[in-house]
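Trainee: Assemble the complex: chain E is given as a structure, and chain D must be docked to it using the hints.
As given, the protein sequences belong to chains E and D, one line each in that order. The first sequence begins at 1 in the working numbering and counts up by one. The second sequence begins at 419 in the working numbering and counts up by one.
Hints may contain errors.
Unchecked claim - In the SDA-like style, the derived pairs of lysine to any residue whose C-alpha atoms are separated by at most 25 Å in a straight line are: (1) E:Lys-189 - D:Asp-570; (2) E:Lys-268 - D:Arg-497; (3) E:Lys-319 - D:Gln-534; (4) E:Lys-187 - D:Leu-476; (5) E:Lys-271 - E:His-214; (6) E:Lys-407 - E:Ser-162; (7) E:Lys-271 - D:Gly-487; (8) D:Lys-494 - E:Arg-366; (9) E:Lys-261 - D:Thr-501; (10) E:Lys-146 - E:Gly-77; (11) E:Lys-319 - D:Thr-535; (12) D:Lys-494 - D:Ser-564; (13) D:Lys-494 - E:Ala-364; (14) E:Lys-102 - E:Lys-116; (15) E:Lys-271 - D:Tyr-502; (16) E:Lys-268 - D:Leu-451; (17) D:Lys-494 - E:Glu-363; (18) D:Lys-494 - E:Ser-279; (19) E:Lys-187 - D:Pro-477; (20) E:Lys-96 - D:Arg-548; (21) E:Lys-189 - D:Glu-470; (22) E:Lys-189 - D:Ala-473; (23) E:Lys-319 - D:Ala-579; (24) E:Lys-407 - E:Glu-325.
To be verified - If the Cβ cut is set under 7 Å, some of the chain D residues that face chain E in the computed set are: (25) Asn-471; (26) Met-481; (27) Tyr-502; (28) Phe-572; (29) Gly-573.
Unchecked claim - Counterexamples of contact, computed for chain E against chain D with all Cβ distances above 12 Å: (30) Arg-19; (31) Lys-37; (32) Ala-107; (33) Lys-146; (34) Lys-175; (35) Arg-186.
Hints are computed from structural coordinates only; laboratory data are not their basis. Built from N, CA and C at the ideal position, the CB exists for glycine as well.
Here is what each chain is made of, one letter per residue.
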Amino acid sequence: MTRDVSDKSTHWPAEDFTRVPYEVFQAQETQRTEQEKIFEGPVWNYLCLSVEIPNPGDFITSYVGRTQVIVNRADDGNIYAFVNTCAHRGAQLVRKLRGNAKSHVCAYHQWCFDHKGNLAGIPQIRGVKGKGGMPEDFDKASCGLKTLKVDEYRGLIFGTFSPLTEPLRDYLGDKMRVEIDRIFERKVKVLGYYRQRVPANWKLYVENVKDPYHAGLLHLFHVTFGIYRPTMSGRVFMELPRGHSVLRTADIDEKQDEVNKAYSGIDKYRKDYRLADPSMFHVEPDYDDKVTNMIMTIFPNVMLGQVANTFQTRHVRPKSIDGFELYWTYLAFEDDDDRALEGKLRQSNFVGPAGYISLEDGEAGRLVQSGVENRPRHASVVEMGGRGPIEDIDSLSTEVAVRGFWKRYAELMDEAVK
Amino acid sequence: MKLTGGSTITDPVRHSVVELLQRYVDSLDDDDLEAWPDLFLEDGQYRVLSRENLALGLPAPLMYYYSRGMMHDRVKALREALTYQPVYVRHILSTPRLTMSDSGEVHAQSSFSVYQTTEEGVTQLFTTGRYSDLVALTETGARFRSRTVTMDTFGVLNLLAVPL
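Only chain E is shown next, with the shape it has when bound in the complex:
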């Protein structure tokens, strides 16, 4: 295929996505295309949790790509979302991150919008002292806020701009829903938020969480304390056409001689490494299925994660070509007793910006962003787990889910790739 020099689309060197051109992490123009083709394309974007806005009037700020959106609950009990830009002159409409409001009034000219994004009122619409005012035929109905279609699954709220997006249930798919159900069939509550400003392109984090290969090599804590080892029972499975995936590790069927073999010559498994106070590991698990680590990525940019007995959503919010915010919502279950809650606070030491395991993923992002700088024509090698077909695998020694992400990404970014 010959390429027109004016063609700004990315050239993918390998049809099976075993090569990822570095330009996708550093070309400024990809940001605008991603906003249009990915985030405003036929996808469901994670917005927030239903429990964060329990009452009519409650609102919370979120992002669709780089666009700020407000998610709120109306008096009818349903959830609505709109772009946080006044329909009049473009001012940011809602100025608080969270709160409760009967309606949303723009600070600039006091235009007032209801929970559904309809324009409800304009000051001086008929002018003052019989002069000025809006034209007689001004159509309020056409000056509502830019809204998103909203849907909910198990308390997870998603929004889409595209009329082409399939129903949320179908978008998530059977394989992902089983894993969502496992966690979210119990009522959750928020224990707190963590925010990290990672100096890397947002897609590097998506790659990171779809890559079980690194988890047993970068993260000594994972490995040494038995949260994650490639020798454990592990699976990578995908909702391939839609770009979702799950990495799941369970502490079963692991043989010590296999651990020793996998880590011979690698200093990340340290039999002699002891903690002075290991009590944060002595937390009774919420599930008896021996799953120690599970991370699901729902395309394009949200993760549902379990590390030991911690549960979180992680929302990857792009901020610039080389920076994103990683926004964690740290969860407990509504019916957790004091002991279980304390366990989750203790294990918060594993996750978040300071977490024994997750802090290293921020560093991995920084290292790659720094490494690919000024090398747009080069590409990374993604062959662990094999070339060719992108398929589920009962192994953690693989990068196949990374290829699954790029396949979906490329399809949306460039029709020609299909």
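Mentor: Same frame as chain E, but now just chain D:
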């Protein structure tokens, strides 16, 4: 001068507490991390909280160590296990406000900024924040019973490796 609530902070007590606060900063700024846990009681508590969570009344901490052993574990992990960018650290500390608690220990409160400098000499503000401490006066000097760090810059610049 009449001081309300509890007894007056005497000069020796003030000196002892200020010395502890300064030794704390020195241990981190001079990369003498091994000295850091020993500034706490054996069952001392160290927490880093996001100002956002605090404002929302949410309990999830960024760091939560409730024994000197856990603090030693953090130091060992920083030395031997964790992968993160090495930086120089500098704390700028405000004058602390000290008050005597009913239990005969000292409440100390101070504001701080932490700057980080890369190996190539580029400095940036990492966070501002506040220390809220309960300090025990032991025979071997003042020790933290608890130190709670409120992190203002809760949009953490990549990651938080070394304690604040």
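Trainee: A separate judgement is required for each hint: does it hold in the structure or not?
Mentor: Do the hints match the structure? See the list:
Note on E:Lys-189 and D:Asp-570: the hinted pairing holds, with a Cα-Cα distance of about 24 Å set against a maximum of 25 Å. Distance check on the hinted pair: E:Lys-268 and D:Arg-497 sit about 14 Å apart at the alpha-carbon level, within 25 Å; holds. With a C-alpha separation of about 22 Å, the suggested pairing of E:Lys-319 with D:Gln-534 holds against the 25 Å cut-off. For the hint linking E:Lys-187 to D:Leu-476, the alpha-carbon distance of about 17 Å falls within 25 Å, and the restraint holds.
Distance hint between E:Lys-271 and E:His-214 is fulfilled; the C-alpha atoms sit about 20 Å from each other, no more than 25 Å. The hinted pair formed by E:Lys-407 and E:Ser-162 meets the criterion: a straight-line CA distance of about 20 Å does not exceed 25 Å. Pair hint E:Lys-271 plus D:Gly-487 holds up; C-alpha atoms about 19 Å apart against a cutoff of 25 Å. For the proposed pair D:Lys-494 and E:Arg-366, the alpha carbon gap of about 23 Å is at most 25 Å, so the pair holds.
The hinted pair formed by E:Lys-261 and D:Thr-501 meets the criterion: a straight-line CA distance of about 23 Å does not exceed 25 Å. A distance of roughly 20 Å separates the Cα atoms of E:Lys-146 and E:Gly-77; the hinted pair therefore holds under the 25 Å criterion. Straight-line distance between C-alpha atoms of E:Lys-319 and D:Thr-535 comes to about 24 Å, which keeps the hinted pair within the 25 Å bound. Distance hint between D:Lys-494 and D:Ser-564 is fulfilled; the C-alpha atoms sit about 21 Å from each other, no more than 25 Å.
A threshold of 25 Å between alpha carbons decides the hint, and for D:Lys-494 with E:Ala-364 the separation of about 21 Å falls inside it, so the pair holds. Distance check on the hinted pair: E:Lys-102 and E:Lys-116 sit about 11 Å apart at the alpha-carbon level, within 25 Å; holds. A C-alpha spacing of about 22 Å is found between E:Lys-271 and D:Tyr-502, which places the hinted pair at or below 25 Å, so the restraint holds. Proximity of E:Lys-268 to D:Leu-451 is assessed by CA-CA distance (about 22 Å); at most 25 Å being required, the pair is judged to hold.
The straight-line distance between the Cα atoms of D:Lys-494 and E:Glu-363 is roughly 19 Å, inside the 25 Å bound, and the hint therefore holds. In summary, the hint linking D:Lys-494 to E:Ser-279 is supported, as the alpha carbons are separated by about 16 Å, within the 25 Å threshold. As the CA atoms of E:Lys-187 and D:Pro-477 are separated by approximately 18 Å, the hinted pair is consistent with the 25 Å bound. Straight-line distance between C-alpha atoms of E:Lys-96 and D:Arg-548 comes to about 24 Å, which keeps the hinted pair within the 25 Å bound.
Between E:Lys-189 and D:Glu-470 the CA atoms are separated by roughly 17 Å; this keeps the pair inside 25 Å, and the hint holds. As the CA atoms of E:Lys-189 and D:Ala-473 are separated by approximately 17 Å, the hinted pair is consistent with the 25 Å bound. Only pairs whose Cα atoms come within 25 Å are accepted, and E:Lys-319 paired with D:Ala-579 is accepted, the gap being roughly 23 Å. A C-alpha spacing of about 24 Å is found between E:Lys-407 and E:Glu-325, which places the hinted pair at or below 25 Å, so the restraint holds.
At about 4 Å, the closest approach between the beta carbon of D:Asn-471 and any beta carbon in chain E falls short of 7 Å, and the interface hint on this residue holds. Interface hint status for D:Met-481: upheld, as the beta-carbon distance to the closest one in chain E is roughly 5 Å, under 7 Å. Of the supplied interface hints, the one on D:Tyr-502 holds, with its beta-carbon coming within about 5 Å of a beta-carbon of chain E, less than 7 Å. Interface restraint check for D:Phe-572: the shortest CB-CB distance to chain E comes to about 6 Å, inside 7 Å, so the restraint holds.
A hinted interface residue such as D:Gly-573 counts as satisfied when its beta carbon comes closer than 7 Å to some beta carbon of chain E; here the least separation is about 4 Å, so the hint holds. Distance check for E:Arg-19 against chain D: the nearest CB is about 26 Å away, which clears 12 Å, and the non-interface claim stands. Every Cβ of chain D is farther than 12 Å from the Cβ of E:Lys-37; the closest lies at roughly 28 Å, confirming the non-interface assignment. Every Cβ of chain D is farther than 12 Å from the Cβ of E:Ala-107; the closest lies at roughly 22 Å, confirming the non-interface assignment.
For E:Lys-146, the requirement that its beta carbon stay farther than 12 Å from each beta carbon of chain D is met, with the minimum near 26 Å. Against the 12 Å criterion, E:Lys-175 stays outside the reach of chain D, whose nearest CB is about 30 Å from its own CB. Every Cβ of chain D is farther than 12 Å from the Cβ of E:Arg-186; the closest lies at roughly 18 Å, confirming the non-interface assignment.
Consistency with the previously given hints is maintained throughout, with no hint failing.
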